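Residue-level listing of the chains:
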Amino acid sequence: MSENISRRDFLKLATVGAATTAVLTGCGPASRYIKREPYMQMPEYTYNGLSTYYATTCRECAAGCGLIVRTMQGRAIKVEGNPNNPVNLGKTCARGQATLHGLYNPDRITGPLQRTTRGEAATEGLEWDAALQVVGDALNNNNPDEVAFLMGMAPDHLFDLVSDLAASIGAPAPLRYGVLSMFEARATLVKAAEDLFGQATLPFFDIGNADLVLSFSANFLETWLSPIAYTRGFSKMRRGNPKRRGHFIQFESRMSQTAAKSDEWIPIKPGTEGLVALAIGRLVAEAKGGTVPSSFENVNLEDIASLADVSMETLEHIAQLVAEAESPIMIPGGSALGLNNGLQTAETILTLNAIVDNFGKAGGVFFSPLSPNEDEIHRPASSQEMIELIEKMKGGGVKVLFVHGLNPLFELPKALGFEDALASVPQVISFATFPDETALQADYVFPDHHPLESWGYQRVATGAEQSVLSGAQPVVSPNYDTRATADVLLAAGQLAGGAVAQALPFQDEIEFMQSKFASLVSQVDGSFSAPEINTFSAYFQQHGGWWKKSAELAAPSASDALGKSIVVEQAQFAGEGEFFFHPFMSPTLGEAGANKPWLQELPDPTTTVMWNTWVEMNPETAHELHIENDDVIKIISEAGEVEAPVYLYPAIRPDTIAMPFGQGHTAYGRYAAGRGVNPINLLGSHFNEAGDLAFAGMKVRIEKIEGKKQLLSRLESRIGVYNEGLEEH
Amino acid sequence: MSIDLNLVGAKGAIAQEAEGKWGMVIDQDVCTGCQACVAACAMENNLSFVGEEDAGYGRTQHWIRIERFWEGAYPEVKSTPFQPMLCQQCGSAPCEPVCPVFASVHSQSQDINLQVYNRCVGTRYCANNCPYQVRQFNYRDYHLDPIHANEVDGQLVYPFHNQFNPDVTVRRRGVMEKCTFCIQRIHKAEDTAKSQGREVVDGEMVPACAQACPSNAITFGRLDDPESLVSQMAHDERGFKHLEELNTMPRITYLKEG
Amino acid sequence: MIRNFFEWVMGPMGRIAVLITALSLFSLAAFGIYQTQVPPEQPIQFPHNLHVRLGVQCLYCHPGALRGPSPGLPTQTKCWGCHQQIAKTFDPNFPELSEKLVGYIERNEPIPWVPVSQVPDFVHFTHRPHIAAGLNCENCHGDMTQVEIAENPQVMNMGWCLNCHKSRAADDPEKFTKLTDCGTCHY
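Protein chains in written order, with our numbering: chain A, 27 to 755; chain B, 429 to 686; chain C, 3 to 189.
Extracted from the complex, chain A is given alone in its bound form (with noise of 0.2 Å):
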């Protein structure tokens, strides 16, 4: 026998003490682990295992569309679309599947604070009762004039809560705004309806039954006023008609998602596109025969060819297509419109759809229908209009500032001077939900719930054919120690007493809402009736909303529009440099998507860069000045500059660079805080007629930082779009 212990052995030796390690460590029920704690009192209608669904309404974006939730032992599990509501029929885009990863973000904000310095994370905890306190003394002490409400687009009923309390006690109406609305340059459609047909309305685009589509830069594809609705309008379009396929035309200086599903994308110069308009107008006119509309007779061409950078045959082509087609349709949109001229291109794209009479025709433009509980437009407010609020912040006017979804610090431009004009609020006072850039500069934080742990309405503004009102009730119970924003007024309002306490003697959120659908309890023409409030509400929850059953798209008639004149020059372009400056909701995280993980790791669309901000260049431009991926660049506009890394976009136009808005947070939880720039801060204090900021009308120019580069992390392979790596093959 061998003196020492040969390999054999040993391994033998090893693996008997690895098994006996593995085996007493490894094995047997995990039971012990885990504890399994049955419910006190199961709610009637569940059964373990089995799942409850709950419809509500989506609050990612205003546009209301229906959710049906699946829960599953108190738990918010899927989000799924509502497939009776007429905005969404079921459908949900990327931002309303990831609203779960608002409900459950670790960043919640629990309870409410009070903050010891703005701008510093340290809060102390204080009660509801003296929250309660703090908000009726805010409303008791000052004068009525000085009390500010500053709201965002959804939810409707909150909105008109703190409508009838202003009108109580005497203060100014509430103020909402969102940046959506500034993209979509919301206040330049409805102004450009109101001049042209005589009625202040959000216009409706029937795409979905059109054969021919010119867009001009309306991003209807990605985030502008009902994505789903128009999206499904697209899917018609081009595959509805088994006869047809649609045409689809965008005009565009960045070719966004929209563009990539067009069939020609037409990069004009920045600023053209109300001449471009014009000069197809003539062109169609020509083409059909006829008089041509008096706005339309003189019109340079050539001129306007060269300026929109654009050939004859383009426009020859494209004019000969709308005359020939069944049922064209021409939409004002997005980027065309924030210019100091959009107004009055908005106005000529709306007459394009006058001279080929499709007011009121199938494919054509219609007035969206007003909700069915209004009696006129509820537009959200334009830049300009904020900037009145912000004027009389600076000037002291203002001496309590209620904030309630939306985050002024990160969605308006440095320019507007909100930052500053804060410091002038001895008291700010917010209902976020999660702890963002305002919110750190609020004295006291009330935290309002989630929107799938609350009650409301949302009227719905456009994409449905019918008159729509979306409903909303809780999913889940509340996680954290919030409370409805409603609920505090009305609690507050009661504790203040006098105006307001009269005005609103409403037990709690559901008993104000029902009041402001009361009306509709007796009509029959919606998607259900009951005889009185009590039903109406458990139904109004049960189907999630209420509409109407029968389409009400009312139509402008088209001599309104082909009477006036309409004057449209080149865009004025703000601030100095070689660049037009396109910056562009984020499709994927929209406006307020930051902090939610799975909207950051969705690629996005065009350029599939994921978790971070990247400023696009035309490959060419970028390589004369020598500037390659990833590089990192300044852009210097006449209000400020960011840094970002550069994607080297092919299709954008040379003299224009693109950024998109969604990142930059300085604060807004962990997912979001300290992630890419907000391209927003670029943006001067310009506006259009309407009133809408003019946030494609600056020129930047850039610089390059030696040595510095940020990599981007794209799903796409470098490999298969640059041939990176395979320079010397």
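Hints in this document: simulated from the structure, not taken from any laboratory. Only a predicted model underlies this, so the values are computations on that prediction, with no experimental measurement involved. Among the hints, erroneous ones may be present.
Sample of chain B residues with no beta-carbon within 10 Å of chain A, all distances over it, derived [stated by the list, open to error]:
id, residue
1, THR551
2, TYR567
3, VAL628
4, PRO654
Pairwise CB distance ranges, derived in the manner of DEER restraints [what the hints assert, rightly or not]:
id, chain 1, residue 1, chain 2, residue 2, range
5, B, GLU655, A, GLN568, 29 to 35 Å
6, B, ARG487, A, THR692, 24 to 30 Å
7, A, GLN568, C, VAL40, 45 to 51 Å
8, A, GLN568, B, LEU671, 31 to 37 Å
9, B, HIS589, C, GLU150, 32 to 38 Å
10, A, ASP171, B, ARG487, 40 to 46 Å
11, B, GLU672, C, ARG170, 53 to 59 Å
12, A, GLN736, C, LEU30, 54 to 60 Å
The C-beta atom is built at its ideal place from N, Cα and C for all residues, glycine as well.
With chain A's structure known, arrange chains B and C on it following the hints.
The following block gives chains B and C in isolation, referenced to the frame of chain A:
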């Protein structure tokens, strides 16, 4: 799915491979690249998000992804149609024969390619072999990364875990995963139908991606039922299969743009 | 030095020492394995045999088994529904009830039961089709009139499941395919 006992041997096997039971049709003409399907799949199947660095390394857990390529140069540049790419559930899947522990097997009863998580030892051979590159590997315990947790009373609490779908296994590191055609929904639908003494109706069961898609680009159903919508759409003249020349016999037909 | 040690181990004293070490390791291992197979301890020593003998049906407390994947555990109100009427609940001679059960109810706390019939979480087992196929609860969970604290009558592993699946589908090839398909339970 019925096994045709008349076709035997190789012929029978190929017939079986070619037909398929559950299948999909994706219309690239109407897919807008909106990523709603990606988000829906993530929420339904407990997919983890990996963060910027790992995403840059290509380690994202995208069971379905939207591909986009470029053609030409400015101004004659075109973006190719958005292309949702997910596991094609191949009839003759290249990922199946290479798994040393039989974790990637073909389901005889559902006729899709399965990933059995508990068998997987993480060789990643299957992902290597997949010509569509649709298999994802859990390089880390992404769900348990402390960055996603809050500390409550000395313990780590993960609020995101509340959102997990109980019908889908939560994967740990070292395990391969891929699209399952929402097999949990298939099982639920079949179980419900069986309990009511009937067959599954066409359209009764849709995977999460098809349910979310705002433009109805994704159609799902039984390929072996000639009456089903997906069967009829699969015979559309615009139909083609990706990488058809590799004879993987995918169950997804794509419809060309235009 | 190592050579000296190995010389000693090869000698008679050494061999005995090795034997004793091996035996103790082995018994430790056996004890460890035994420990892992013992039914877990429950917060309240709930006697199944007593309740079943009194006529309580399985589906009364575990109703989910009829309709879905998970049979569920009875809620507090279900237990309390009877027990608040039963004098024994408040008798201090029966602390399981008078202290523990009443305590949980009064504190409005759910009873933290430890699950017994567990399958790993990568297995998706659903009760409904099994009950629909005509199985009784006793077939898998044993005769509850013989058990005090809940325990598994046999190890519930895949081999045991497959045995039954195979034998019940022996004459139906389609059913056999489905019941032995990996994806039926592992997904």
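We went through each hint and held it up to the structure:
no.: 1; hint: THR551; result: holds (21 Å)
no.: 2; hint: TYR567; result: holds (15 Å)
no.: 3; hint: VAL628; result: holds (18 Å)
no.: 4; hint: PRO654; result: holds (20 Å)
no.: 5; hint: GLU655/B - GLN568/A: 29 to 35 Å; result: holds (33 Å)
no.: 6; hint: ARG487/B - THR692/A: 24 to 30 Å; result: holds (28 Å)
no.: 7; hint: GLN568/A - VAL40/C: 45 to 51 Å; result: holds (49 Å)
no.: 8; hint: GLN568/A - LEU671/B: 31 to 37 Å; result: violated (47 Å)
no.: 9; hint: HIS589/B - GLU150/C: 32 to 38 Å; result: holds (35 Å)
no.: 10; hint: ASP171/A - ARG487/B: 40 to 46 Å; result: violated (57 Å)
no.: 11; hint: GLU672/B - ARG170/C: 53 to 59 Å; result: violated (41 Å)
no.: 12; hint: GLN736/A - LEU30/C: 54 to 60 Å; result: holds (56 Å)
Consistency note: the structure conflicts with the earlier hints numbered 8, 10 and 11.
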